[in-house]
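Undergrad: For reference, the chains in residue letters:
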Amino acid sequence: GQNIDQPTEMTATEGAIVQINCTYQTSGFNGLFWYQQHAGEAPTFLSYNVLDGLEEKGRFSSFLSRSKGYSYLLLKELQMKDSASYLCAPFQGGKLIFGQGTELSVKP
Amino acid sequence: DSGVTQTPKHLITATGQRVTLRCSPRSGDLSVYWYQQSLDQGLQFLIHYYNGEERAKGNILERFSAQQFPDLHSELNLSSLELGDSALYFCASSVDGVAGNTIYFGEGSWLTVV
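Residue numbers (the working numbering), protein chains in the order written: chain A, 2 to 109; chain B, 277 to 390.
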């Protein structure tokens, strides 16, 4: 992806909390999306941040710091079905720009 | 179900051939995006159309072209296919292509070039 940095892989335990970090270039920034993607399937929308701060949505929360070009996705009460790739995608230049994503494995 | 419809779901074709992938956006959405995802790769932006007009272009090969029709459906044409074009091609749509409007993805079209 275009200067979007996320950890490649993460492992966590069922019931735990995990935080997936993302940094991006700030030029032309117009908000940041997080998507979940299971292998071979469509990305599904999780959250959107345009202002600094935390957005909470059930078990998922997303944080944004525009000045730092930084976001994180927080997943609570992890379930086995949360094993997937998580994609940080800033909206820049009229399009979503994706990095390689973070492959999360949830273990029993 | 995101409401974005893509056909065909799977396609196998030979090198040198031409294929057309079709996308129907969600009802009411004017913007259509195309992305390519090769095996173990991130989603690569190809092109964005808004209400029939090209709005943004990514690293789309000259062998590839797209258009959006008056009924807002879109087609991605891939010609002179090469083995490396094998990928999952996603279409996505949003209301107006402006930041802040959620972009919804279709299930994708699996293209295998042999």
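Since the hints were made in silico from the structure, they are not lab data. Yeah, the Cβ is synthetic: ideal placement off N, Cα and C, and Gly gets one too. Certain hints may be false.
Quick list of simulated restraints, FRET-style, between CB atoms [as the list claims (entries may be wrong)]: (1) ARG60(A) to VAL371(B): 19 to 29 Å; (2) ASP277(B) to ALA40(A): 12 to 22 Å; (3) ASN377(B) to ASP6(A): 31 to 41 Å; (4) LEU359(B) to SER28(A): 32 to 42 Å; (5) GLY304(B) to PRO109(A): 34 to 44 Å; (6) VAL390(B) to LYS69(A): 16 to 26 Å; (7) GLU329(B) to THR9(A): 43 to 53 Å; (8) SER355(B) to GLU78(A): 18 to 28 Å; (9) GLN26(A) to GLN317(B): 15 to 25 Å.
Undergrad: All hints are to be evaluated individually against the structure, with a verdict given for each.
TA: To see whether the hints hold, each was checked on the structure:
At about 27 Å, the beta-carbon gap between ARG60(A) and VAL371(B) stays in the expected band of 19 to 29 Å. Restraint check, ASP277(B) to ALA40(A): a C-beta distance of roughly 19 Å satisfies the suggested window 12 to 22 Å. Between ASN377(B) and ASP6(A) the beta carbons are some 26 Å apart, a value that contradicts the proposed interval 31 to 41 Å. For the pair LEU359(B) and SER28(A), the supplied restraint of 32 to 42 Å holds, since their beta-carbon distance comes to about 35 Å.
Taking 34 to 44 Å as the suggested C-beta distance range, the pair GLY304(B) and PRO109(A) conforms, at roughly 42 Å. At about 47 Å, the beta-carbon gap between VAL390(B) and LYS69(A) misses the expected band of 16 to 26 Å. Distance hint check for GLU329(B) and THR9(A): the Cβ-Cβ separation is about 37 Å, which falls outside the suggested range of 43 to 53 Å. Distance hint check for SER355(B) and GLU78(A): the Cβ-Cβ separation is about 49 Å, which falls outside the suggested range of 18 to 28 Å.
At about 20 Å, the CB distance of GLN26(A) to GLN317(B) agrees with the hint of 15 to 25 Å.
Of the numbered hints given earlier, the model fails hints 3, 6, 7 and 8; all others are met.
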